[in-house]
Amino acid sequence: MSSQDIPEENLPAEQDHAHGAVGVADEKNPFADPGLPPHEHRVQDIDERAAKRSERAVAFLFTLSMLATVGFIASYVAIPADKSIFVFPIGHLSALNFALGLTLGTALFTIGAGAVHWARTLMSDVEVADERHPIAASPEVRAKVHADFRQGAKESAMGRRKLIRNTLFGAVALVPLSGVVLLRDLGPLPEDKLRHTLWAKGKLLVNMNTNEPLRPSDVAVGSLTFAKPEGLEEHDEDFQNEIAKAALMIVRLQPDNIKDKRELEWSHEGIVAYSKICTHVGCPISLYEQQTHHVLCPCHQSTFDLSDGARVIFGPAGHALPQLRIGVNDEGYLQALGDFEEPVGPAFWERG
Amino acid sequence: MSTTENHESAGARERGKAPAGERIADWADGRLGIYSLAKSNMRKIFPDHWSFMLGEVCMYSFIIIILTGVYLTLFFHPSMNEVEYHGSYVPLQGQLMSEAFSSTLHISFDVRGGLLIRQIHHWAALIFLAGMFVHMMRVFFTGAFRKPREVNWLFGFLLFVLGMFTGFTGYSLPDDLLSGTGVRFTQGAILSMPIVGTYISMFLFGGEFPGHDFVARFYSIHILLLPGIMLGLMVGHLILVFYHKHTQFAGPGKSNKNVVGMPLLPVYMAKAGGFFFLVFGVIAAIAAVAQINPIWAMGPYRPDQVSTGAQPDWYMGFAEGLIRFMPGWEINLWGHTLVLGVFIPLVLFGVVLAALALYPFIEAWITGDKREHHILDRPRNAPTRTALGVAWVTMYMITLVGGGNDLWATHFHLSINSITWFVRIFFFVGPVIAYIATKRICLGLQRRDKDKVLHGRETGTIKRLPHGEFIEIHEPLSQEQLHTLTAHEQYAPAAIGATVDENGVERKVTGKEKLRAKITEAYFGEDQQIPKPTVEEYKEITSGHGHH
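Chains as they are written, first to last, in the UniProt record's numbering: chain D, 1 to 352; chain W, 1 to 548.
The hints are simulated quantities; they were obtained by calculation from the structure and are not laboratory data. Values in this document were obtained by computation on a predicted structure and should not be read as measured data. Among the clues, some could well be false.
[What the hints assert, rightly or not] Below are the BS3-like pairs computed for lysine-lysine, each with C-alpha atoms no more than 30 angstroms apart in a straight line:
#, chain 1, residue 1, chain 2, residue 2
1, D, Lys52, W, Lys257
2, D, Lys28, W, Lys257
3, W, Lys532, D, Lys28
4, W, Lys245, W, Lys532
5, W, Lys257, W, Lys508
[Stated by the list, open to error] To give an idea of the chain W side of the interface with chain D (calculated C-beta under 8 angstroms), a few residues:
#, residue
6, Ile45
7, Leu116
8, Arg184
9, Ala285
10, Ala288
11, Pro303
12, Asn332
13, Asp406
14, Leu454
15, Gly456
[What the hints assert, rightly or not] Covered by chain D, according to a simulated footprint, are these stretches of chain W (three or more residues, beta-carbon under 8 angstroms):
#, region
16, 270–283
17, 307–315
18, 517–526
Yeah, the Cβ is synthetic: ideal placement off N, Cα and C, and Gly gets one too.
Input sequences plus hints: build the corresponding full structure.
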């Protein structure tokens with residue numbers, strides 16, 4: 001491929017004369033377009049030995065690609081899937097993933113590098129100009145299309161027979177409704193589903209980790225305990241849905257540190273139980289600062305003060321965490337004294 | 001293979017002796033008419049500029065995503081049935097998890113090369129979105145969206161937005177702890193919508209969150225619905241690129257009526273075709289060495305568990321930022337809650353993106369320019385547009401910082417509260433500063449161009465004159481350079497025109513007209529652009545006085 005292959009009429013000078021847009025800088029306009037600059041030859045255009053070198057480089061890259069594909073297949077067969085290797089400075093990697101990725105990467109990259117090198121060094125690099133044509137149609141075409149359309153519309157009698165037109169519009173407008181109606185069974189109506197959790201009077205607070213009911217003595221000052229309602233097991237069909245609402249966070253404060261009156265009332269010996277689900281967009285809150293009694297949601301950093309009714313002290317949450325009223329039963333286990341009094345989790349229109 | 005299909009017009013050629021390739025082409029032409037298509041396209045001219053390959057990066061990564069995605073569907077089970085894990089990843093053995101999660105573990109540990117394909121798929125998605133972002137910026141800052149390419153801008157915009165949602169539904173599929181947290185965030189945002197929020201949430205999740213349906217639903221959205229639309233849009237995008245012919249920068253021999261470059265066959269076949277392999281090769285190598293989304297380290301999703309440093313993929317980071325820095329406003333009235341703290345970010349998300357979609361139409365209205373534009377602007381020569389673009393990018397980047405405020409806090413030992421306040425303030429102030437600074441820089445660059453045209457290039461050679469004065473020699477520019485630096489057009493502000501007609505009757509000046517005049521003043525008025533050097537100025541300076 002060399003510049004001789006470009007047809008005569010595509011050469012810059014010819015094209016530009018045809019446009020008549022080019023001028024030599026003259027007294028009138030020193031900024032005039034001088035036209036395409038003359039083609040500058042690359043070393044490969046004039047030196048066949050350089051061209052040969054480029055050819056060999058391209059062929060070398062393509063050969064490398066073939067070898068890399070062989071390497072890919074060999075790695076696939078030879079390397080066990082669980083083998084790990086240390087690669088400096090990345091660290092420990094899956095050996096198979098590393099080998100497959102690098103061989104595949106090489107096989108692909110060298111094809112690309114070869115093709116680009118071929119194009120840049122051996123294919124013609126003579127710039128040619130193509131004329132543009134206006135996107136919009138000529139006035140004649142435009143008139144013809146408009147006339148055709150009018151003719152067609154007239155022959156359909158759409159405008160004259162309005163009864164047909166209007167009933168058609170009606171039918172076409174209504175027919176998608178069936179599709180919309182079919183979507184109804186995507187899910188149930190909200191009703192009051194977001195208002196209730198599994199918590200109820202007498203339900204024991206079960207430690208999430210040990211699966212044992214909690215006694216007040218299990219909750220130490222400064223610790224954060226996660227709890228679920230008794231009877232909710234991981235294998236349950238609805239475990240995920242229920243825990244998404246019922247997850248509880250329990251901490252013990254000094255009763256005289258509790259600033260909120262209702263919080264103190266709903267606590268037991270300084271043990272308070274709050275919904276673990278953030279009132280912002282529903283992340284589980286999991287970071288507890290013992291000294292300040294603040295909890296922080298790791299998702300969007302809403303911060304709540306557990307010693308003051310879990311009100312929001314920073315971040316994007318809009319209201320305090322709901323508190324669960326707790327007490328102890330006859331056997332000395334912590335129990336709920338009812339469900340949450342307000343919906344847990346993110347706020348919604350019907351929350352009120 | 002048929003040998004009887006020789007083309008009539010082949011004339012002198014002997015029957016049956018034509019090379020096989022030609023015979024196949026003739027056969028196809030007789031049925032598909034490929035020759036008329038090839039006539040205008042095979043040697044189609046494409047201009048060369050490094051920034052024109054950004055769109056190619058997007059196209060190729062999209063193809064890579066489709067190829068690897070099809071492979072992943074062969075092994076992935078889009079089901080939320082709870083199973084006990086017994087695969088080869090020891091730390092999670094015996095744990096309860098959804099089938100979606102366990103099949104992703106299976107792909108990562110038991111299917112040979114499965115992890116590689118998963119990582120290529122994910123990396124390619126990140127690069128696809130990043131490529132679209134940068135490609136869009138290229139098109140914006142060079143004014144390539146102007147007539148006749150507004151529709152193609154919208155196609156590209158839709159690809160970007162749909163790409164975001166395809167990415168989101170994709171990374172949610174493994175049902176791991178991180179992505180589940182992201183889905184929860186989405187559900188919380190949906191709940192904030194007035195009136196319809198709870199209904200949409202129930203319908204999307206088939207009941208309460210998380211339910212048993214969303215993985216299967218996201219799956220059909222992720223692998224069929226959205227990519228199907230995107231494939232159509234991408235084909236349309238390409239057809240329009242071919243139909244409009246590519247834009248080019250001003251330069252000698254280049255005009256609004258031509259396109260200067262090299263032909264598709266062979267140069268761009270090799271360069272662009274080769275570039276596909278380059279992109280694929282680089283992504284494969286990245287996937288070999290850089291781990292992405294190690295779901296086994298995060299574990300299966302549980303709505304009552306979370307890890308710190310929870311971040312979405314980068315392209316959702318700006319939505320994350322909006323929701324993080326918004327104050328928690330909530331209005332409770334008449335038994336209803338308006339969750340502004342979440343709903344405003346949700347609306348802003350749409351507004352910020354819509355601004356991007358609408359800009360070409362707004363600018364077309366402001367300039368009133370109905371001509372076709374095929375010559376690209378240098379960003380400096382459209383200072384107001386460039387400044388607006390940089391202001392938008394600044395706002396985007398600040399929300400990205402907000403989206404990672406916890407990481408900024410831990411990596412740079414800063415207070416998370418201060419970072420959040422910084423983002424709250426600079427979401428408004430940052431774009432203003434960026435606008436002013438960018439405009440000043442553009443005007444400075446315009447002045448420099450003007451200086452270069454009128455006084456020539458500074459050579460750095462210092463000469464001492466006989467009387468002792470030192471001067472720097474300025475070398476006059478070549479005609480090519482003079483032309484390139486003066487080829488851009490400059491608009492004038494729109495005048496309101498006479499308000500009284502020849503009969504003395506007062507014409508009503510509409511508010512729209514006044515607004516447009518005001519905006520054009522801000523765009524093209526005095527001090528908003530540097531008038532480009534005129535022939536007269538040039539002649540006055542160069543006529544015999546030598547240098548200045």
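Going through the hints against the structure:
1. Distance hint between lysine 52 of chain D and lysine 257 of chain W is unfulfilled; the C-alpha atoms sit about 39 angstroms from each other, more than 30 angstroms.
2. Restraint check for lysine 28 of chain D and lysine 257 of chain W: satisfied, since their Cα atoms lie roughly 23 angstroms apart, inside the 30 angstroms limit.
3. The hinted pair formed by lysine 532 of chain W and lysine 28 of chain D meets the criterion: a straight-line CA distance of about 17 angstroms does not exceed 30 angstroms.
4. Annotation: proposed proximity of lysine 245 of chain W to lysine 532 of chain W holds, straight-line Cα distance about 28 angstroms (limit 30 angstroms).
5. For the given pair, lysine 257 of chain W sits about 40 angstroms from lysine 508 of chain W by alpha-carbon distance, which is inconsistent with the 30 angstroms threshold.
6. A distance limit of 8 angstroms between C-beta atoms decides the matter here; for isoleucine 45 of chain W the minimum to chain D is near 4 angstroms, and the interface restraint holds.
7. Nearest Cβ of chain D to the Cβ of leucine 116 of chain W: about 5 angstroms, under the 8 angstroms cut. The hint holds.
8. Given the 8 angstroms rule on beta carbons, the hint for arginine 184 of chain W holds: about 5 angstroms separates it from the nearest Cβ of chain D.
9. Interface restraint check: alanine 285 of chain W against chain D, minimum CB-CB distance 3 angstroms, threshold 8 angstroms, status holds.
10. A least Cβ separation of about 2 angstroms between alanine 288 of chain W and chain D falls short of the 8 angstroms threshold, and the interface hint therefore holds.
11. For proline 303 of chain W, the suggested interface contact is upheld, since its CB lies about 4 angstroms from the closest CB of chain D, less than 8 angstroms.
12. At about 6 angstroms, the closest approach between the beta carbon of asparagine 332 of chain W and any beta carbon in chain D falls short of 8 angstroms, and the interface hint on this residue holds.
13. Annotation: aspartate 406 of chain W was flagged as interfacial toward chain D, and the flag holds, the nearest CB pair being 6 angstroms apart, inside 8 angstroms.
14. Using the Cβ-Cβ criterion of 8 angstroms, the hint placing leucine 454 of chain W at the interface with chain D is not satisfied: the shortest such distance is roughly 11 angstroms.
15. The interface hint given for glycine 456 of chain W is broken, as the beta carbon of that residue sits about 12 angstroms from the closest beta carbon of chain D, more than 8 angstroms.
16. Judged by the Cβ-Cβ criterion of 8 angstroms, the region 270–283 of chain W is covered by chain D as claimed, because 13 of its residues qualify and three suffice.
17. Counting residues of the region 307–315 of chain W whose beta carbon lies closer than 8 angstroms to any beta carbon of chain D gives 4, which meets the minimum of three for the stated coverage.
18. Coverage of the region 517–526 of chain W by chain D is violated. Counting CB-CB distances below 8 angstroms, 0 residues qualify, and the rule asks for three or more.
The structure is inconsistent with the numbered hints 1, 5, 14, 15 and 18, although it conforms to all the rest.
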